[in-house]
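Colleague: Each chain, written out:
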Amino acid sequence: MKIQILFLLLTLAFNLPGQTVITGSVKTKKGEPVAGANIYIKNTFEGASSDSLGFFMFKTTLAGRQIIVASFMGYKNQEQQVTLKSDTLIFPFILSEDKAQLGEVVITAGTFEAGDEKKSAVLSTLDMATNSHGFGDIFMAVNSLPGTTTADDEGGLLVRGGERHETKTFIDGMLVESPYTAKMPNIPVRGKFSPMLFRGTVFSTGGYSAEYGQALSSALILNSIALPEEDETNIALYSSALNFTKVKRWKKTALSTISQYVNMAPTNKLLGSNFDWQKAPESFTQTLVFRQKMNSGGMLKALGFFSSENNSLYYPNLDTGSDDLAGIKNKNYFFMATYKNQVGQTIIHSGISLNYDDTKMSFNNEAIKDLNRSAQAKLTATRQLSEKITFKYGGEIFYKQFDREYLSDNKSTGSQWDYNTFNASAFAESEIQPGYRIALRPGIRYEHIGLIKKTFISPRFSAAYKINPTSQFSFAYGLFMQVPEDNSLVYCPALKPEKARHLILNFQAIKNNRTFRVEAYHKKYSQLVKYDELYSADPATYSNTGSGYARGIDIFFRNRDFIRNGDFWLAYSFIDSKRDYRDLAFYRTPGFITRHNLSLQYKHYFDGIDAYLGANYSFASGRPYADPNVGEKALKTKHYHNLSASIFHFTEWFGKFTMLHLQVTNLPGFNHIFGYRFAESPDEPGNYRSLPILPSHKRMILFGIYICLQNQTQF
Amino acid sequence: MKQTALSIITMLTVFAAMPQDTTYYPVLRQGINKTSQGYNSENFLELANLCERISLVKTEEWLPYYYGAYAYINMSFLEKTAGKKDEYCIKAKILIEKAKALNPQDSEIDVLQALLCYALMEITPMVNGPVYLPRSKKALEAAKAKNPGNPRIYYLEGKSAMYMPAFMGGGKEAAIPLFEKALELFNKFTHASDVHPSWGRSDTANLLEECKNANN
Chain A
20 MKIQILFLLL TLAFNLPGQT VITGSVKTKK GEPVAGANIY IKNTFEGASS
70 DSLGFFMFKT TLAGRQIIVA SFMGYKNQEQ QVTLKSDTLI FPFILSEDKA
120 QLGEVVITAG TFEAGDEKKS AVLSTLDMAT NSHGFGDIFM AVNSLPGTTT
170 ADDEGGLLVR GGERHETKTF IDGMLVESPY TAKMPNIPVR GKFSPMLFRG
220 TVFSTGGYSA EYGQALSSAL ILNSIALPEE DETNIALYSS ALNFTKVKRW
270 KKTALSTISQ YVNMAPTNKL LGSNFDWQKA PESFTQTLVF RQKMNSGGML
320 KALGFFSSEN NSLYYPNLDT GSDDLAGIKN KNYFFMATYK NQVGQTIIHS
370 GISLNYDDTK MSFNNEAIKD LNRSAQAKLT ATRQLSEKIT FKYGGEIFYK
420 QFDREYLSDN KSTGSQWDYN TFNASAFAES EIQPGYRIAL RPGIRYEHIG
470 LIKKTFISPR FSAAYKINPT SQFSFAYGLF MQVPEDNSLV YCPALKPEKA
520 RHLILNFQAI KNNRTFRVEA YHKKYSQLVK YDELYSADPA TYSNTGSGYA
570 RGIDIFFRNR DFIRNGDFWL AYSFIDSKRD YRDLAFYRTP GFITRHNLSL
620 QYKHYFDGID AYLGANYSFA SGRPYADPNV GEKALKTKHY HNLSASIFHF
670 TEWFGKFTML HLQVTNLPGF NHIFGYRFAE SPDEPGNYRS LPILPSHKRM
720 ILFGIYICLQ NQTQF
Chain B
486 MKQTALSIIT MLTVFAAMPQ DTTYYPVLRQ GINKTSQGYN SENFLELANL
536 CERISLVKTE EWLPYYYGAY AYINMSFLEK TAGKKDEYCI KAKILIEKAK
586 ALNPQDSEID VLQALLCYAL MEITPMVNGP VYLPRSKKAL EAAKAKNPGN
636 PRIYYLEGKS AMYMPAFMGG GKEAAIPLFE KALELFNKFT HASDVHPSWG
686 RSDTANLLEE CKNANN
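Quick mapping for you: the protein sequence lines, in order, are chains A and B.
Residue 538 in this note's numbering sits at position 519 of the first sequence, with consecutive numbering throughout.
Residue 682 in this note's numbering sits at position 197 of the second sequence, with consecutive numbering throughout.
Hints were generated in silico from the structure; no laboratory data involved.
Any given hint might turn out to be false.
Unchecked claim - Calculated pairs, SDA-like style, for lysine to any residue (alpha carbon to alpha carbon, straight line, at most 20 Å):
id, chain 1, residue 1, chain 2, residue 2
1, A, LYS359, A, ASN391
2, A, LYS271, B, ALA586
3, B, LYS565, A, LYS46
4, A, LYS46, A, LEU103
5, A, LYS95, A, GLN38
6, B, LYS644, A, LEU398
7, B, LYS569, A, PHE581
8, B, LYS569, A, ARG577
Stated by the list, open to error - Have a look at the derived ranges for each label pair, beta carbon to beta carbon:
id, chain 1, residue 1, chain 2, residue 2, range
9, A, LEU498, B, PHE562, 16 to 24 Å
10, A, ARG402, B, ILE575, 25 to 33 Å
11, A, ASN314, B, ASP688, 25 to 33 Å
12, A, LEU246, B, PRO511, 54 to 62 Å
13, B, LYS569, A, GLY469, 37 to 45 Å
14, A, LYS265, B, LYS569, 55 to 63 Å
15, A, GLY291, B, ASN632, 57 to 65 Å
Here a beta-carbon is modelled for each residue, glycine too, at the ideal position from N, C-alpha and C.
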């Protein structure tokens with residue numbers, strides 16, 4: 020300070036005639052000095068930067084009326100009119116924060132964002148693709164976030180005590196009816212879409228927007244890439260799969276094709292399998308993506324998808340002692356197109372989708388054929404009413420025809436069931452920011468279910484309060500409803516939708532590369548479907564008398580500043596849930612729920628070898644099961660431990676960018692038991708025979724090479 | 486004087502159709518000179534602020550944007566916290582885009598893009614590495630296509646090779662020919678003016694020395 024004054028006096032003493040000295044200090048409203056501010060005479064080059072104490076000084080030979088500006092990143096520019104006349108002018112600039120400095124208030128309750136564009140994102144696209152537990156499966160990558168249950172025999176997303184079908188997947192706002200591969204008993208499903216198709220992902224663990232419906236627990240909202248940046252041709256070769264991608268980009272148009280062929284036979288041969296496969300899983304998927312940017316600024320996105328899969332295996336029959344042969348064949352066609360444009364002040368987003376899903380499940384000589392055909396059309400409009408209020412509204416229609424055919428031994432005596440429904444819904448939602456710190460999002464959703472000719476209203480409300488630029492509280496509440504699964508509806512179309520009520524409280528802090536969030540929730544289920552498994556084709560056994568709850572705490576912590584080039588994350592979920600639904604005899608914890616779930620991940624990048632190493636440890640406490648030999652007492656399986664490791668190495672082969680990838684799950688070879696299967700009836704001494712439910716491989720090893728053949732345009 | 490005459494001729498041939506505004510050159514030169522007096526954030530911040538002032542007046546000139554971006558990239562290298570590094574890189578990216586829009590054919594801007602890629606990779610190598618490593622290479626290839634005589638291309642290639650392990654074709658030995666080529670080109674390189682990019686020469690010489698010493 021003293022030195023500054025001395026300096027000032029000196030400069031005053033040496034002030035030459037014809038020169039004006041402009042000096043002073045720049046401070047924030049709180050009185051903190053601003054270092055590095057730019058102070059200048061408007062429309063000239065003349066100026067200076069403030070020093071670490073906020074002081075600045077410069078001389079000018081300019082004269083007359085001028086404007087002095089002080090500017091600094093994140094603060095509003097300050098301007099002062101002056102008249103320069105060869106003297107010394109002292110300016111105490113006080114800068115006020117630009118409201119953007121506080122950052123956007125984003126409602127984070129029940130929401131995880133992934134992507135490369137938003138600061139609130141907790142996962143990047145690359146995290147999604149290189150998750151050491153995921154094998155490039157979007158759902159597996161999302162599964163490393165808290166609020167999900169690790170169930171390697173189920174696959175997909177089991178969110179906060181919800182079943183897989185309670186989570187719905189949306190691409191660019193449109194519902195994806197069949198996001199997973201077809202389910203076989205005890206074999207996990209996988210996601211069908213490549214994570215590289217998407218730029219941003221919003222994973223809602225509850226309390227999601229009124230724009231979406233028909234999901235009791237969760238919504239996974241995937242936003243596809245608008246226009247890919249460059250031409251690209253690449254081949255990925257994995258120990259069990261082959262993938263070919265070609266992207267062609269013109270000025271305003273882009274076309275991509277992604278083909279994938281998966282065959283688990285070599286892997287099963289190499290590693291052995293806990294299952295007795297007759298036909299190891301084999302699948303082919305083809306994705307075509309078209310993009311067109313219109314001259315009007317509108318964006319047309321179209322996606323066509325085809326998949327075909329086939330597998331069968333022998334399950335030991337615990338009653339007869341012989342093996343049952345179960346198989347599945349599935350063909351799925353999916354098409355969607357969306358168009359987004361701006362009409363005046365309103366952004367219009369319209370879309371259509373068509374889905375055709377044909378599944379044949381065979382069991383020895385019997386078979387069930389399911390045909391699911393659906394179509395959806397949706398229109399939403401978003402309008403910014405003022406700087407502080409955004410209003411979004413829209414509607415959709417959905418038609419579905421579901422046919423089931425049962426083929427018995429001699430194929431002639433078949434039974435048939437079907438149902439169709441025409442649903443219409445509308446929603447309105449507004450985001451209001453009364454101050455820079457508060458965001459409120461009230462919403463309401465109206466749904467008409469054609470099948471039962473009933474109308475439902477679901478209110479939603481969420482809010483956020485920003486404490487400071489890095490941390491905030493959020494809250495979410497909502498009513499959610501979902502029509503029962505096809506499996507129940509096809510036998511009993513009169514069933515009412517199942518309902519859930521979510522209450523969520525969240526705290527999140529993001530500073531530099533550290534993210535911490537904790538969330539508590541309470542979810543209450545009602546009108547759950549109950550039936551008797553033995554008479555499942557009889558509509559009379561069905562009712563909406565089930566109920567349940569799920570409550571818990573989710574903690575997420577990620578630190579990328581901890582060790583240079585290191586990235587650590589921790590996800591912990593505690594869940595307490597009980598339900599009386601389906602064919603359960605009493606109110607109890609469903610078999611896939613584990614009370615404690617922990618996932619620790621560490622990734623380290625090695626500059627020198629252009630590689631990164633990832634390790635993932637996950638823990639889940641024992642899963643409940645009932646042993647008919649003991650009675651109805653709830654027993655628990657052993658705790659689940661899994662340590663996986665992966666290496667990604669980036670290099671060049673023949674001048675092409677190449678990535679080598681090795682991934683091993685369950686490195687130490689822990690024995691994983693997901694539960695037990697019991698015989699239907701006791702044997703001679705009165706015991707029910709049992710078999711543990713095991714993963715398909717004790718240890719899974721995946722090796723892959725990814726070669727980028729062509730990568731043309733730059734930056 | 487000869488230098489000035491030469492640079493004017495070069496400018497006339499290169500930008501025959503474009504009337505060149507050189508009134509800001511002396512001011513910009515002062516800012517650039519200051520950064521060579523000491524490699525620290527204060528000097529680069531001053532350059533960045535100076536460039537901002539110039540570009541607010543001379544909106545059609547690419548050099549102020551170029552040096553603004555160059556200053557922010559260096560500030561990112563000098564900064565310790567990831568959040569600020571990020572901010573500086575975002576600033577640099579915006580400025581590079583502006584410079585490129587004004588002067589798309591100049592290899593210097595591609596070189597600067599490559600340098601920005603290095604800065605981004607340094608923040609979170611795991612996330613940014615796989616994305617920006619190929620991009621930095623592409624940017625340098627693009628620069629080569631526009632002007633194979635730009636020494637900064639080989640200087641950056643040498644720097645990148647220097648820190649890559651030997652079994653991957655990197656290492657100090659592998660970097661020597663690149664630095665030598667850069668130095669040779671630096672000796673031949675004629676600047677369009679004394680404010681056109683000229684950085685990297687002394688660092689190339691130092692790194693070449695370091696690589697050679699390591700081999701002895």
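Colleague: Is 25 to 33 Å a correct range for the gap between the Cβ atoms of ARG402 (chain A) and ILE575 (chain B)?
Modeller: holds (29 Å)
Colleague: LYS359 (chain A) and ASN391 (chain A) were given as a pair; does the straight-line alpha-carbon distance stay at or below 20 Å?
Modeller: violated (28 Å)
Colleague: Does 16 to 24 Å hold as the CB distance between LEU498 (chain A) and PHE562 (chain B), or does it fail?
Modeller: violated (52 Å)
Colleague: Taking the CB of LEU246 (chain A) and the CB of PRO511 (chain B), does the distance hold inside 54 to 62 Å?
Modeller: violated (43 Å)
Colleague: Is LYS569 (chain B) within 20 Å of PHE581 (chain A), Cα to Cα?
Modeller: Given that 20 Å is the threshold and the Cα spacing comes to 16 Å, the pair holds.
Colleague: Taking the Cβ atom of LYS569 (chain B) and the Cβ atom of GLY469 (chain A), is their distance within the range 37 to 45 Å?
Modeller: With Cβ atoms ~56 Å apart, the hint is violated.
Colleague: CA of LYS644 (chain B) to CA of LEU398 (chain A), is that 20 Å or under?
Modeller: violated (53 Å)
Colleague: When you check the alpha-carbon spacing of LYS271 (chain A) and ALA586 (chain B), does it fall within 20 Å?
Modeller: It holds: about 18 Å lies between the C-alpha atoms, which stays within 20 Å.
Colleague: Against the 20 Å threshold, does the CA-CA distance of LYS95 (chain A) and GLN38 (chain A) hold or violate the hint?
Modeller: violated (29 Å)
Colleague: Is the Cα-Cα distance between LYS565 (chain B) and LYS46 (chain A) 20 Å or less?
Modeller: violated (23 Å)
Colleague: Does the beta carbon distance between LYS265 (chain A) and LYS569 (chain B) stay inside 55 to 63 Å, or does it fall outside?
Modeller: Cβ of LYS265 (chain A) to Cβ of LYS569 (chain B): about 40 Å, so the range 55 to 63 Å is violated.
Colleague: Starting from the range 25 to 33 Å, see whether the pair ASN314 (chain A) and ASP688 (chain B) falls in it by beta-carbon distance.
Modeller: violated (47 Å)
Hints 1, 3, 4, 5, 6, 9, 11, 12, 13, 14, counting from the list given before, are not met by this structure.
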